[in-house]
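J.: Spelled out from the first residue to the last, the chains are:
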Amino acid sequence: MATVVVARPALRPTPRARDEEVLVWPDLVFVEFISALLFTALLFLLSYLMNAPLLDEANANVTNDPAKAPWYLLNLQELLLHMNAALAGIVVPTAWLIILMVFPYFDRETEGQGRWFAEVNSVKNTVVSLMVGFWGTLALILWNSGKVALWLKDWFGFSGGDTLAFLERSAALKDPSIVPWPSWADSIPYLWFNLKILDEGPGAGVTTFQKIDLPTLLVDIGIPAGFMVGFSCLLIFGFWRIGWVLTRRDALITLMSGFVGAFLMLTIIGTAFRGPGQDLIWPWDLRTLEGIPGQESH
Amino acid sequence: MAVEQPSQPTIGDLIYDKLFHNYVWRSIFRTGYPNTPRNQMLVVATNVFLHLHPTRIHRTHVKITHTYCLGGLTFFMFLGLTVTGILLMFYYVPSVDRAYLDIQNIQTNVQFGQLMRNMHRWMAHAMVILVFLHMLRVFYTGAYKPPREFNWVVGVVLLVLTFLLSFTGYLLPWDQLAFWAITVGTNIAGSAPVLGPKTRFWLLGGFEVGPDALIRFYTLHVIGLPLLAAIFMAVHFWRIRRDGGLARPL
Chain S
1 MATVVVARPA LRPTPRARDE EVLVWPDLVF VEFISALLFT ALLFLLSYLM NAPLLDEANA
61 NVTNDPAKAP WYLLNLQELL LHMNAALAGI VVPTAWLIIL MVFPYFDRET EGQGRWFAEV
121 NSVKNTVVSL MVGFWGTLAL ILWNSGKVAL WLKDWFGFSG GDTLAFLERS AALKDPSIVP
181 WPSWADSIPY LWFNLKILDE GPGAGVTTFQ KIDLPTLLVD IGIPAGFMVG FSCLLIFGFW
241 RIGWVLTRRD ALITLMSGFV GAFLMLTIIG TAFRGPGQDL IWPWDLRTLE GIPGQESH
Chain V
299 MAVEQPSQPT IGDLIYDKLF HNYVWRSIFR TGYPNTPRNQ MLVVATNVFL HLHPTRIHRT
359 HVKITHTYCL GGLTFFMFLG LTVTGILLMF YYVPSVDRAY LDIQNIQTNV QFGQLMRNMH
419 RWMAHAMVIL VFLHMLRVFY TGAYKPPREF NWVVGVVLLV LTFLLSFTGY LLPWDQLAFW
479 AITVGTNIAG SAPVLGPKTR FWLLGGFEVG PDALIRFYTL HVIGLPLLAA IFMAVHFWRI
539 RRDGGLARPL
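Protein chains in written order, with the numbering used here: chain S, 1 to 298; chain V, 299 to 548.
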């Protein structure tokens, strides 16, 4: 794969046969014009039928419960419920944006562009990865919100007591009564001095570095990061073994489709299934306690 | 032998001639409707708005299923948001005392105000969805591959800018929905190790969402981010042409 790009002109599209071409006016310009008109009409109709929401005036003393970010950030807000805040809010999105940017530098083959799903198996690869990302994320959310433990208890009369508390929420693994953490585990020094960064002036946070809280590190960062990286690698590895992933392009399709599935599920759960206290509820039970006009009947 | 006489111009011909062949019209549009291939190519090449396009294009690229017009529609949403946004700016003052009242005023007292606000809101959501779908289209058609690597990177930047544009606009109605959404959103930014709290403070101009946050978000929303997005869009569109138009099988 060590592609040394010396002969750049070789990458240029080959000269086109004139009879394969159409004129931009009228063939493209009119398509653009019609789609713009259609969208304008559609948005006028939508705006006529549905008003933009406007609640009561902002008041810092009256909390909205649930307080939700705009819908396209609700995937991150959902992640925040399951792991370390910095990991969910900053590291995951930043890492994903960098991974996205690196795509074309990782897959440098020029074959298979300009056509939908040009590769062998790419449709299967996309659909299955999407489903794994989608339903796998749901399974993880249910596990970490204690629903799995609840169902085991309700449906099968199965209760493991405290020893199986991790089935209710992964955070239980931090509890010394469940996992016999040694007493020194929550403050392991890794620097021999107390490092302080940006801890003065407005907006300074707790930014001292000296000790590691191992149980918290493992449970809040290790487990979720392990799931995210591990599942992705496992999926690509599995598809490689069954011959669905043959090239770097195929691996990217698996990664991207799995991401889209997980992204969709996180957004859906965050938008429609999180009620007061960020508890899982059905969408038809969803109310903000502060009140949306027309829904104040709670 | 009868010689065929030219027919007399009808009243319609005369009106058409007066309307479209007069001195003023000709000073604006040099030619009439381009009805020959030569003129059609000329109009695309010489018109300031159309010359973003090449004059000819591979016939697979005008098939609607090739792109679903997603990139173009995203840009169209940006234009629509600019127009409706400017109209809203006439009535909106980004101060804590006035913001909420201004929005109510726009909805109740301004002619077509509610419609403009709705359009702005739904177009913003549409733009976020369309830009995401556009990214998926580019990915699944393999259009990020060489020689379009850098344009994909520019596209990722534009995706982020679209999210930021939408996010900064979310606070402006100054209602409970806006206030708590931005509180939650900036708390996410504040959770970054080391730089998080500083970033949040810088973003809000204080420790919580207040007057300073409102003016910052407003400024970013109406000038800072649109300007940045316009620059990146210019590069994005320019690179499409430079890199040989839309991707197609080699």
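It is possible that part of the hints are untrue.
[To be verified] Listed below are the simulated PhoX-like cross-link pairs for lysine-lysine, each with C-alpha atoms no more than 25 Å apart in a straight line:
1. S:K68 <-> S:K153
2. S:K174 <-> S:K211
3. S:K124 <-> S:K153
4. S:K68 <-> V:K496
5. S:K124 <-> S:K147
6. S:K211 <-> V:K496
In case anyone wonders, no lab produced these hints; they're calculated from the structure.
J.: What are the numbers of the hints the structure violates, in ascending order?
T.: Violated hints: 1, 3, 5; rest satisfied.
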